[in-house]
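Chemist: Full structure from sequences and hints, please.
Residue numbers (the UniProt record's numbering), protein chains in the order written: chain A, 1 to 131; chain B, 1 to 131.
Don't read these hints as lab results, they were simulated from the structure. As the structure is a computational prediction, the values presented were derived from the model and not from experiment. There's no promise every hint is true.
Note: identical chains are not told apart, hence a pair may lie in one copy or across any two.
What the hints assert, rightly or not - Distance condition first, Cα-Cα at most 25 Å in a straight line; then the derived DSS-like pairs of lysine-lysine:
1. Lys-84 / Lys-74
2. Lys-126 / Lys-74
3. Lys-84 / Lys-126
This is what each chain is made of:
There are 2 protein chains.
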Amino acid sequence: MTATFPTAPDSHALERGAVLAPSFDANGLIAAVATHAATGEVLMLAWMNAEALQATLDTGEAHYFSRSRQALWKKGETSGQVQKVVELRVDCDQDAVWLKVDPQGDGGACHVGFRSCFYRVVEDGKLVERP
Amino acid sequence: MTATFPTAPDSHALERGAVLAPSFDANGLIAAVATHAATGEVLMLAWMNAEALQATLDTGEAHYFSRSRQALWKKGETSGQVQKVVELRVDCDQDAVWLKVDPQGDGGACHVGFRSCFYRVVEDGKLVERP
Chain A
1 MTATFPTAPD
11 SHALERGAVL
21 APSFDANGLI
31 AAVATHAATG
41 EVLMLAWMNA
51 EALQATLDTG
61 EAHYFSRSRQ
71 ALWKKGETSG
81 QVQKVVELRV
91 DCDQDAVWLK
101 VDPQGDGGAC
111 HVGFRSCFYR
121 VVEDGKLVER
131 P
Chain B
1 MTATFPTAPD
11 SHALERGAVL
21 APSFDANGLI
31 AAVATHAATG
41 EVLMLAWMNA
51 EALQATLDTG
61 EAHYFSRSRQ
71 ALWKKGETSG
81 QVQKVVELRV
91 DCDQDAVWLK
101 VDPQGDGGAC
111 HVGFRSCFYR
121 VVEDGKLVER
131 P
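Modeler: Given below as structure tokens:
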């Protein structure tokens with residue numbers, strides 16, 4: 001699948017326009033933050049290329065791009081932690097998206113086993129697990 | 001100011017350790033998502049280099065790295081929208097941080113004038129402003 005999005009012609013179109021014109025970085029990626037649609041908790045932060053964003057829009061399930069594997073990645077394909085997208089927002093300069101998701105499977109999002117990937121708080125310079 | 005952080009020796013230390021060992025990308029950056037400490041709303045997504053992260057930890061106020069200006073950037077320095085950090089979390093592979101912040105000034109975070117940078121929803125492929 002090839003996916004292409006337009007480029008915003010100017011900053012007004014980028015910031016106030018009705019056209020989805022993602023500003024991909026030099027690696028062809030935008031940042032994607034997923035929050036739990038019911039609780040608001042930040043679950044994970046990942047990246048999308050054009051193909052992942054298009055697949056997410058087409059299917060209503062979150063797709064990302066794995067920087068380590070350099071491959072499209074449907075969240076939950078192996079873990080069952082599929083993310084049903086309830087709402088997708090884009091930020092002012094269209095280089096980040098915010099997905100409100102309904103996690104399927106065991107309801108988690110993190111490969112380590114926690115509900116959210118952000119299970120550690122920085123306290124006095126040290127990391128403390130506080131899921 | 002120069003800031004350095006250790007590198008995690010293995011994946012267990014990275015994922016379960018108590019040592020803050022951010023995994024900066026090829027450009028020396030990690031992603032940072034800021035949510036409103038009171039409402040949970042995602043306010044913005046930006047980047048931090050080591051210096052920005054250290055300054056944030058030292059001062060309790062959010063500092064980022066501007067990719068467009070290639071410079072350290074204290075949020076709110078000109079706008080007054082200083083972000084008091086209530087809690088700072090790091091994700092499983094330590095390449096992203098989540099800041100819960102208390103926005104000062106007019107309480108907003110976005111240069112366009114909205115409270116959150118994510119003021120547009122993607123609906124049927126089009127962007128709809130819904131602050």
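Chemist: Each of the hints needs a verdict: does it hold here or not?
Modeler: We went through each hint and held it up to the structure:
no. : hint             : result
1   : Lys-84 / Lys-74  : within (11 Å within a copy, 36 Å between copies)
2   : Lys-126 / Lys-74 : between (33 Å within a copy, 23 Å between copies)
3   : Lys-84 / Lys-126 : between (34 Å within a copy, 19 Å between copies)
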